[in-house]
Each structure stands twice: as C-alpha cells, then as structure tokens.
Amino acid sequence: MTNLQEVPTEELLSFHDYPTVHSAANNTTIPISEAQIQTHSLEGNFQNSPNRQGVDYAPEPANESPAEKPFWSVEYYQKFFDVDTKDVVERIIASVTPRWDNSLKRHLRTKPDLYGPFWISVTLIFAIAISSNIANYLQHANDPKEYHWKYNFHLVSYAATTICLYVTLIPFTLWGLLKWSSQIDDIEDLGESLTPGALELICIYGYSLFIYIPASVLWSIQIDLLQWLLTLIAAFISSSVLLLTLMPALKLSRHKFLLALGILACHLLLAAGFMLYFFPNAHNTAAVVQQPLKQVAVAVAANNTHLASEPSKV
Amino acid sequence: MDSAKLEMFDDVGGYVEGEMTIPTSQNSTKIGEPDFNTLDEPIRETILRDVKAVGIKFAHVLFPKEKKTLLKEWDLWGPLFLCTFMAMSLQGSSSTDKSKTGDPQFAEVFVIVWVGSMIVTLNSKLLGGNISFLQSVCVLGYCLLPTTVALIICRIILFVEQSYILFFIRFAVSMVGFAWATYASTIFLGDSQKPGRKLLAVYPIGLFYFIISWLVISHTNT
Chain A
415 MTNLQEVPTE ELLSFHDYPT VHSAANNTTI PISEAQIQTH SLEGNFQNSP NRQGVDYAPE
475 PANESPAEKP FWSVEYYQKF FDVDTKDVVE RIIASVTPRW DNSLKRHLRT KPDLYGPFWI
535 SVTLIFAIAI SSNIANYLQH ANDPKEYHWK YNFHLVSYAA TTICLYVTLI PFTLWGLLKW
595 SSQIDDIEDL GESLTPGALE LICIYGYSLF IYIPASVLWS IQIDLLQWLL TLIAAFISSS
655 VLLLTLMPAL KLSRHKFLLA LGILACHLLL AAGFMLYFFP NAHNTAAVVQ QPLKQVAVAV
715 AANNTHLASE PSKV
Chain B
56 MDSAKLEMFD DVGGYVEGEM TIPTSQNSTK IGEPDFNTLD EPIRETILRD VKAVGIKFAH
116 VLFPKEKKTL LKEWDLWGPL FLCTFMAMSL QGSSSTDKSK TGDPQFAEVF VIVWVGSMIV
176 TLNSKLLGGN ISFLQSVCVL GYCLLPTTVA LIICRIILFV EQSYILFFIR FAVSMVGFAW
236 ATYASTIFLG DSQKPGRKLL AVYPIGLFYF IISWLVISHT NT
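Protein sequences appear in the order of chains A and B. So the number in my numbering is just where the residue sits in the first sequence, counting from 1, plus 414. So the number in my numbering is just where the residue sits in the second sequence, counting from 1, plus 55.
Keep in mind the hints are simulated off the structure, nothing from the lab. Please note: incorrect hints may appear among the correct ones.
In silico lysine to aspartate or glutamate, EDC-like type, Cα no more than 16 Å apart, as pairs [unchecked claim]: (1) B:K253 / A:D496; (2) A:K525 / A:E504; (3) B:K253 / A:E489; (4) B:K249 / A:D496; (5) A:K483 / A:E504; (6) B:K123 / B:D246; (7) A:K525 / A:D496; (8) B:K120 / B:D246; (9) B:K253 / A:D638; (10) B:K249 / A:D498; (11) B:K249 / A:E614.
Partner residues aside, some chain B positions facing chain A, computed with beta carbon under 8 Å [to be verified]: (12) A114; (13) K127; (14) D130; (15) D158; (16) L181; (17) L182; (18) G183; (19) Q248; (20) G251; (21) L255; (22) Y258.
Per the computed footprint, the stretches of chain A lying under chain B, defined by three or more beta-carbons under 8 Å from a beta-carbon of chain B, are [said to hold, decoys possible]: (23) 494-504; (24) 649-655.
Model, not experiment: these values are computed from the prediction. We put the CB at the ideal spot given by N, CA and C, even for glycine.
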C-alpha cells in the first residue's frame, strides 16, 4: 500500500510491461504494483478451485483445514468419509457390543464419519424390503388358496422414508434438546467438550442401526415368539450402546431421565414398528390391522381411482 | 520477446496449412488417430464404428482381463441400452388390478440404476478414489451386462410352467449374474482406491448389483 502513494496517477492508468516470468520468491525483491499482486492472488484462487478434472485429481491430505473448501465441492465432504476398512469394522463391532469403557465414543470423538451411517441405512432399507417380501412369500406358500403371490417393490419406499427420517430427525432433535437442557453454568468448557455435535449424533445413530440388519433377515422366519425375542434383543443391545455412548452428555442434562427414556422408547418403537409393519404374521393381531392399511397405501401409490371402496372390500 | 512471438506465430501458421492438406492424401489412417477425418465418410460407417466400440466394451465386461480399455474411452450408450431394456422388461403392467401393483414402474428401475450408480461413484470419490465421475458411471453401467443376461434367461424360463426347480435355476442364474457383475466392476474400479479402503468402495458396488439381481429374481409374469 505504501507503494501506491508514490506512483503517479498517469502511470497507474497507462499500460505497463511487466516481466512475464515471476516466481513467488521474486515478489519480495521486485518493486511491484497493486495490480500485479491482485493478479497473483487471483491465480492462486483459481488453482485452488474445485473445478478440476477428476482424472488428475489427487486426494487432499486429511489434516488440511476444512474452511478452505466451499461446501458445494466434493472435497468438502471428503472429511466425513475419511475412514479405512478397519475403522468401519471396529466401529460396527463396537456398536453391537455394549461396554462400559465406551470404545465407540472414543472412536467417534476423534473422527465421526458418514460412510457407516449412510451405507448401514441403505443396507437396512433393502434388507428389510427383501426379507419382508420373503416373509410374505413364506406365508403365502403355506396357504394353497393364495397361489397368486406378487412381490411388492414399494416396500422399499416405505422403509427408506422411515429409516431416513429416523436417522436424521432424531439426532437433530436430540442435539437440540441436549443443547437446551445442558447445565453448563459452572463447567462451561467441560460441557462444551462433552456435548456431542449433530454429526456425531447422526454417526452414533447410524451405527446403532446395524444390529437391525441381521435382525431383519431373521424376522422373515414366521414364528411369533422368535420375532418378538429378536426385536427385544436387538433393541436392547442397540439402545444400551446408544445410552452408554451418550451417557456423559446426558449426565449434564437437567432432564436426563426423560431424555434417556425418550431415546429408549424411540429405539424400541422403531424395532417394533419394523417387525409389525414389514413382517406381519398371520397369527398376529397386528397383521389384521396392518393388512388393510398396506393395501390402501399400495392402491394410492398406483393411482387407484376406486380408493374409496378399497377398505370395505378387505 | 518479439522474436519469440513471431516465431510462435510462424509455427501456428505452418501447422494450420499442413492440417488442411492432410485429408486429401489420407485414406489409410487407423481409427482413433488424431488426423482421422470423418467428414466425408458414409453415416453407416460412423454408426458401425460406434456400435463396434460399444460391442468391444461389452466383450471386455464378459471377459474382464484388460483394465484400461473401459476407462480410457468411456461412453454412456451401453449403459443406456442396458438400463432401458431392464426397465422395460422389469416394469409391472399398468393395469389397476390390485394384485399387479407390486412390480416396480419403468421410472423406478431407471432411477435405481442411474442414481444408484451415481451414488456408488460419489462414494468412491468421497473415499478419495482417483477416477472421474462419468468414467465410473460408464463402468458400472456396462457391468450391468451379466445381470441383463440373467434377466433374459429368467424371462425365457418364466415361459414354462413354474416349479421349485425352475425357481432354483432362476435364483442360481441371477446370483451368477450378480457375482460376475461385481467381479468385473471390481477389476475395473478396484485400482482407483487406496489399499486400506478397497472393501469400503467394493461393498456399495456389490449392494448395487445385489439389489438389481433381487429385482431380476423377483420378477414374475403372472
């Protein structure tokens, strides 16, 4: 800026011949005008921009500060997928083995990822849809009158809606409630470090859904007692991991028992809802309620014009 | 400076003149070479050349040995054909009969194939793989070929009266298609990931083909 004062106005407005070859080291020695500095910085920005061809794209180092990447670029989201196979396997194992020493939490504290939650959710959606169809088939195979079995592809959409909502809405709500109800008057910095962020909560919830994948495969076995047992065991393991992981944050909350109860209830409700809706047993009382609902929903999806007469037929 | 500039312009001028004289004398150039001229060739040849390129890629998927051919010159014609064919043969009937509404619609299969391959590609990009977006979509699309073959075989089997053995054959055929597709795409795409993350990139690919194979098995024409 001091240079700018000394240069006369005419010289600034007229065209100049600058040497085309200049390196970063030259910048300090050669007296340069404002214009040159600006072109330099522009060039620098351009090279950092994300619109590069993917062929010659090299992965960014993980320790780069995230503020440099704009949020619409792929590179910005790479920090959420910065995991190796063994990390994911360790986290999955930690999510099905409730332990007091909080190994899942220690994992997530350092680097929460979105790979696990995303693909666990997708797998769960299709596992539920596929095994629900298998269960439906097994049920009809025993019934000689119902030889006209059709698979129902649209279960995928219902499963997807449920799981996506559960894995995003609940963590955000919980995050808000924890923020709101945390008592951080005297131990402010401690509270900050213990209250998990929304990303961590999504990650924890995503991994906690893992146990429902084997459960949903086994739910297709049409034995009432086994189905309920599976539901309870899966919900118990999953929610105990969840509660143990969230324990330090919950302890700070004013309504810790209410929150813990809410987490438990939501998780159990999800498991029971999966079982009753997607795996209706012929002997279940729930099946009698669910069947007409399901058929109406399918009819709506197919733009059935005789929607009104549908429930009465069933 | 000035002399350098002049030299450069001289170069360019000579280059352009040379370029314009080339087509008259060139008849024996090979396909793919830079001075190949397509302006005065019949349309039939142009189309046949493209069809041949697509056919060669299909052959590479069926016998996955060479890794670079699919990646170097990608196109989306093959995936488009396969995807449209699958969506047309997998779609349910449009009747409002209650028992027939379980099948996926044309658009649903179409979206599952394209959005699915895009998500899988995005996943491998996010994991730090060094492959361009459309190259990966192209490979994933071409590797649908085994599952499409499985679908055709299943359709043929479905013409006969159904029994448990025939269902088992359909199941086996689709599983072979699934395994083949996953294997082929892993060979083509596996190298683009770091060794520690290969499984993370391969798992979504497997899931993608498994879902499509599930659609193939589940499809019945009753």
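Given the proposed pairing of B:K253 with A:D638, does the C-alpha separation stay at or below 16 Å? violated, 40 Å
Take the shortest C-beta to C-beta distance between B:L255 and chain A; is it under 8 Å? For B:L255, the interface hint holds, since the closest Cβ of chain A sits about 5 Å away, which is under 8 Å.
Pair hint A:K525 and A:E504, alpha-carbon separation not exceeding 16 Å: Status holds; Cα separation ~13 Å.
Does B:D158 pass the interface check with chain A, least Cβ-Cβ distance below 8 Å? holds, 6 Å
Given the proposed pairing of B:K120 with B:D246, does the C-alpha separation stay at or below 16 Å? holds, 13 Å
Coverage of the segment 494-504 of chain A by chain B, judged on three or more residues with CB within 8 Å: Per the Cβ count (8), the hint holds.
Using the nearest Cβ pair, does B:L182 come within less than 8 Å of chain A? It holds, given that the least Cβ distance between B:L182 and chain A is near 5 Å, below 8 Å.
Please check whether the segment 649-655 of chain A has three or more residues whose CB lies within less than 8 Å of a CB on chain B. violated (count 0)
Residue hint B:G183, partner chain A, criterion CB-CB below 8 Å: B:G183 check passes; min Cβ-Cβ to chain A is 4 Å, inside 8 Å.
Given the proposed pairing of B:K253 with A:D496, does the C-alpha separation stay at or below 16 Å? Holds, at about 13 Å.
Decide if the proposed pair is consistent with the structure: B:K249 and A:E614, CA atoms, cutoff 16 Å inclusive. At roughly 25 Å apart (the allowed maximum being 16 Å), A:E614 and B:K249 break the hint.
Against chain A, with CB atoms and a cut of 8 Å, does the hint on B:D130 hold up? Because about 16 Å separates B:D130 from the closest Cβ in chain A, which is outside the 8 Å limit, the hint is violated.
Checked against the numbered hints above, the structure breaks hints 3, 5, 9, 11, 12, 13, 14, 19, 24 and satisfies the rest.
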